[in-house]
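J.: Top to bottom, those sequences are chains A and B. For what it's worth, this note's numbering labels the leading residue of the first sequence as 3, then goes sequentially. For what it's worth, this note's numbering labels the leading residue of the second sequence as 3, then goes sequentially.
Just so you know, these hints were derived from the structure itself, not from any lab. Take the hints with a grain of salt, since some may be wrong.
Just so you know, same-sequence chains aren't split out, so a pair can sit in one copy or run between any two.
Below 25 Å or equal to it, Euclidean Cα-Cα: the simulated SDA-like pairs (lysine to any residue) are [said to hold, decoys possible]: (1) K197 / R516; (2) K530 / P191; (3) K197 / S107; (4) K359 / G518; (5) K449 / R402; (6) K415 / S373; (7) K359 / A346; (8) K530 / G161; (9) K273 / P505; (10) K530 / S232; (11) K197 / Q534; (12) K197 / G518; (13) K273 / D509; (14) K197 / C512; (15) K273 / Q531; (16) K530 / S246; (17) K530 / P228; (18) K367 / T378; (19) K530 / M239; (20) K530 / W466; (21) K273 / W466; (22) K197 / Q531; (23) K530 / E468.
This structure is a prediction, so every number in the text was calculated from the model and none was measured.
Given next are the chains, with one letter for each unit.
Number of protein chains: 2
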Amino acid sequence: MSAVSSGQQTRPMYYLLLLMILQLGLHTAEGVWPLPQTLISSTERFPLSPQAFYFGYGRQSAAQQGCSVLDEAFKRYFSLIFPDYTSAYGILRFSTDKPFTVEVSVDRADCDGYPDENSSERYNMSVFAGRASLKAETVWGALRGLETLSQLVYQDDFGSYFVNKTDIEDFPRFQFRGILLDTSRHYLPVQAILKTLDAMAYSKFNVFHWHIVDDPSFPYQSRTFPMLSSKGAFHPMTHIYTQSDVRRVISYARMRGIRVLPEFDSPGHTKSWGQGQPDLLTPCYKGGIPSGTFGPVNPALPSTYQFMAALFKEVSSVFPDSYIHLGGDEVDFSCWKSNPYVRAFMQKMGFGSDFTKLEAFYMEKIVNITSALNKTSIVWQDVFDYHERRSSLSVVEVWREGCYLCEVRRVVKAGLRVILASPWYLDQPGPTHNWARYYTVWPLAFKGTEEQKKLVIGGEVCMWGEYVDATNLTPRLWPRASAAAERLWSDEKQTSNVDKAFPRLQDFRCKLVRRGIQAEPLYVGHCKQEYQGV
Amino acid sequence: MSAVSSGQQTRPMYYLLLLMILQLGLHTAEGVWPLPQTLISSTERFPLSPQAFYFGYGRQSAAQQGCSVLDEAFKRYFSLIFPDYTSAYGILRFSTDKPFTVEVSVDRADCDGYPDENSSERYNMSVFAGRASLKAETVWGALRGLETLSQLVYQDDFGSYFVNKTDIEDFPRFQFRGILLDTSRHYLPVQAILKTLDAMAYSKFNVFHWHIVDDPSFPYQSRTFPMLSSKGAFHPMTHIYTQSDVRRVISYARMRGIRVLPEFDSPGHTKSWGQGQPDLLTPCYKGGIPSGTFGPVNPALPSTYQFMAALFKEVSSVFPDSYIHLGGDEVDFSCWKSNPYVRAFMQKMGFGSDFTKLEAFYMEKIVNITSALNKTSIVWQDVFDYHERRSSLSVVEVWREGCYLCEVRRVVKAGLRVILASPWYLDQPGPTHNWARYYTVWPLAFKGTEEQKKLVIGGEVCMWGEYVDATNLTPRLWPRASAAAERLWSDEKQTSNVDKAFPRLQDFRCKLVRRGIQAEPLYVGHCKQEYQGV
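Build the full structure now, drawing on both the sequences and the hints.
T.: Spelled out as structure tokens, the structure:
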């Protein structure tokens with residue numbers, strides 16, 4: 003499979019046939035990942051020259067020059083389409099080559115806004131002689147089309163660029179296609195996050211779920227509570243995200259049509275919060291006296307909710323997305339149980355000894371705080387599982403192993419929206435966690451009505467940080483996350499065969515490597531250009 | 003464990019005590035990996051200044067200025083000791099700081115030779131006020147001492163450099179401490195190999211086992227048989243190692259006291275050889291006629307041995323090491339069995355239908371070819387297992403899983419030398435393949451005489467290439483290979499506790515990251531300087 007013979011003499015007719023197969027195969031449909039919904043391509047190919055290649059806005063386009071998102075994208079995709087061409091884009095060029103113009107038209111001039119849960123990412127594209135026409139409802143859809151175009155262009159063995167006559171209609175199967183990064187268990191330098199956003203755009207992911215704080219460290223530098231990071235980060239100066247860092251990430255993501263979804267997980271997973279916020283965590287008791295250790299956030303104190311209201315007010319203004327992730331997973335009750343004041347509060351509230359009621363009480367308070375800030379809250383499935391008044395919930399992220407589709411079904415039956423993460427925990431590497439495992443996932447393969455299935459708004463790749471930092475993030479994420487990306491974007495019927503997907507994903511992985519993404523190999527073989535950045 | 007509190011006020015006495023513990027702990031003994039045989043260090047520390055830090059040769063030293071290995075090492079280690087200091091080494095400096103001189107003395111001026119199986123790596127080092135004295139029998143031992151010195155130097159929170167008063171006597175437990183890289187299943191750019199050699203030196207590995215060719219590709223560009231790579235490489239121009247590339251690798255390795263052991267594995271694992279060398283591989287038969295596929299090297303043709311003699315003559319002159327690896331593993335007999343000419347040869351030779359005899363016959367021929375070229379041959383354990391006349395063998399590499407110490411015992415009982423690889427197959431990642439697995443290995447824990455145990459000359463970390471190329475090689479290799487390195491260098495009794503080793507290895511891993519080696523994290527936590535090169 004991997005050994006390529008070369009240099010052998012072949013007869014012209016055979017050679018021509020081989021060329022045609024290569025054109026039909028590797029260089030057209032196989033060249034786009036995730037697979038577009040409809041793609042018709044011909045063997046007719048057009049040469050492209052970087053000296054005579056132009057991006058422009060269609061006459062009818064609502065967005066015109068000056069539209070930041072698209073102006074910037076034109077520069078980026080020029081370099082991605084012509085990786086060997088070093089001259090800067092935009093400089094006047096003289097060339098005898100036939101010009102090729104990419105004409106982009108959008109219905110709405112949403113150039114200065116942010117992508118959101120309702121943003122259309124639909125686009126149509128036609129590639130003719132001398133011209134490509136790309137039409138989309140929004141600039142975000144146009145970005146997806148530019149990515150597709152960049153993947154349609156290929157080089158022959160002599161380095162010349164070509165694109166085939168192609169017609170594409172494309173839109174995502176799921177609206178929410180996310181990647182979670184965990185910046186608490188290890189600190190990820192901002193550069194590593196930006197690089198991940200680049201790679202996400204190449205696979206048409208559209209949500210960066212920023213699991214920004216957790217037990218081990220609190221790197222978010224809060225304006226309101228600066229002690230949280232100065233006491234709770236691994237280092238108060240070098241291992242934090244300043245307000246300016248956060249703005250940079252959000253802006254970089256916006257340019258790529260990616261939403262930034264912050265998670266401030268509570269009441270569990272908050273050890274690092276306690277360093278800089280006295281009285282926030284529950285003191286644990288042993289033998290009737292405080293043991294010196296602390297448990298989850300203390301739900302029995304009014305000060306807790308004052309703090310949370312102030313923190314989430316800040317977070318809601320810093321992160322523009324209409325969604326916010328409130329966590330709520332894996333709360334250990336033992337410390338609450340040990341604390342006499344918490345137990346007294348339980349009695350007062352009439353919760354008896356059912357600590358899930360206390361947890362539900364706490365989460366409902368937090369959900370209400372963020373609702374009042376006009377945010378749609380996402381919670382981990384644990385909250386749904388113990389919550390009695392589920393109507394206050396909006397979006398549930400299913401993460402536990404086992405029969406995760408059973409859980410999906412329960413959630414949609416309750417009328418809530420679902421994000422599916424269980425099958426895409428990519429932080430574990432190894433032979434049983436190869437790309438095919440993440441490809442052979444059927445998010446809607448449960449008994450339910452069409453309306454219920456529509457409540458599954460998407461899925462998410464989780465890259466937890468126990469064993470991952472900037473040294474190994476990229477090869478662990480790519481190209482395995484791309485397997486999930488195709489499941490979330492493409493038509494399931496056209497993309498259910500692992501054997502058919504394999505050479506396409508190998509090809510796409512080489513594209514990632516060519517673009518400087520340290521994507522690891524699927525199996526024995528080679529890329530035309532190997533990764534050099536060691 | 004990983005959350006570090008900071009900025010808290012502490013009383014001076016407590017602070018002093020903490021400082022002393024830190025000095026005794028993290029900054030001295032804990033700071034050297036693999037652990038030296040004897041290390042006595044004091045809390046007395048000496049400030050170092052890059053402006054007043056000098057390497058020099060002792061008066062009695064057999065090597066003096068002009069000794070390439072040490073002159074170059076002084077430059078390298080100056081940068082490693084003072085990573086923040088950008089001024090070039092060797093420029094005249096003016097400073098009011100007290101000078102510190104590292105005085106290196108060696109007994110033999112082996113500056114222009116290569117490290118070999120008998121090279122002593124023993125060194126002694128004493129660090130006093132203003133001076134360190136490093137003594138070794140050979141320049142290779144001096145290199146190991148310089149590595150240790152570089153790990154003894156530390157920075158305080160203000161960036162000042164210090165080294166503690168220290169006395170070290172050190173030597174390796176095993177003579178052969180190797181890492182195998184596989185450049186056939188994926189091509190590794192030369193830069194990736196050189197970077198690995200850098201990291202090997204940091205962990206005191208001394209053999210680079212270059213599994214240079216195999217079934218998928220033949221990247222070695224042979225002077226005698228250039229068609230082997232032009233037909234058998236993944237690409238005849240970009241995915242090959244030229245003679246100049248090979249010389250560069252050998253020279254780079256020599257400068258770091260690392261031997262380069264080439265492997266040309268046969269008769270199996272040779273599919274790529276067949277592309278450029280007609281009639282070398284056995285044609286497989288099906289239904290009485292050739293099926294068009296090929297099996298192992300054809301042992302029945304005299305031309306095979308003529309070819310092998312010419313190839314190994316070249317290889318023996320290109321690679322200076324006295325060892326050569328001949329492979330001999332995993333030979334599939336089915337193709338030999340199918341071929342009537344091979345079967346006729348079996349009859350003629352009186353092998354009956356015992357194909358292990360044919361394999362032994364072939365390997366003996368190859369061993370004899372390389373013996374005549376004054377090379378000591380290493381073979382994989384398979385050859386030992388089926389070989390009747392074992393006395394022709396020299397060194398056996400044990401690689402199979404299961405009771406590998408049973409195999410080690412069998413080999414040493416036969417009077418042969420052993421290299422142990424079984425417990426150190428690092429190409430598989432994942433939770434069950436963590437560093438502790440590679441640390442808790444006892445290579446001599448078998449019943450045998452002292453003489454027999456001496457026949458275990460060392461061990462080897464294997465990084466097979468099915469799922470590994472330059473994108474993920476470094477984080478997959480480091481710091482897990484360093485765990486094996488300590489097992490191979492240090493006193494087993496001092497280094498058998500995983501819990502004690504954990505913080506030391508975490509510290510060493512941060513040193514690797516600081517040196518630009520993309521070594522992955524062991525668990526939740528942080529380094530003072532995180533990896534930035536994304």
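J.: Against each hint, give a clear statement of whether it holds in the structure.
T.: The hints, checked one at a time:
no.	hint	result
1	K197 / R516	both (14 Å within a copy, 20 Å between copies)
2	K530 / P191	between (30 Å within a copy, 12 Å between copies)
3	K197 / S107	neither (28 Å within a copy, 48 Å between copies)
4	K359 / G518	neither (50 Å within a copy, 50 Å between copies)
5	K449 / R402	within (19 Å within a copy, 48 Å between copies)
6	K415 / S373	within (22 Å within a copy, 76 Å between copies)
7	K359 / A346	within (14 Å within a copy, 82 Å between copies)
8	K530 / G161	within (11 Å within a copy, 44 Å between copies)
9	K273 / P505	between (45 Å within a copy, 22 Å between copies)
10	K530 / S232	between (47 Å within a copy, 15 Å between copies)
11	K197 / Q534	both (16 Å within a copy, 11 Å between copies)
12	K197 / G518	both (9 Å within a copy, 18 Å between copies)
13	K273 / D509	between (44 Å within a copy, 24 Å between copies)
14	K197 / C512	both (17 Å within a copy, 22 Å between copies)
15	K273 / Q531	between (46 Å within a copy, 23 Å between copies)
16	K530 / S246	between (39 Å within a copy, 22 Å between copies)
17	K530 / P228	between (49 Å within a copy, 21 Å between copies)
18	K367 / T378	within (14 Å within a copy, 75 Å between copies)
19	K530 / M239	between (42 Å within a copy, 11 Å between copies)
20	K530 / W466	between (32 Å within a copy, 21 Å between copies)
21	K273 / W466	within (17 Å within a copy, 41 Å between copies)
22	K197 / Q531	both (19 Å within a copy, 19 Å between copies)
23	K530 / E468	between (34 Å within a copy, 17 Å between copies)
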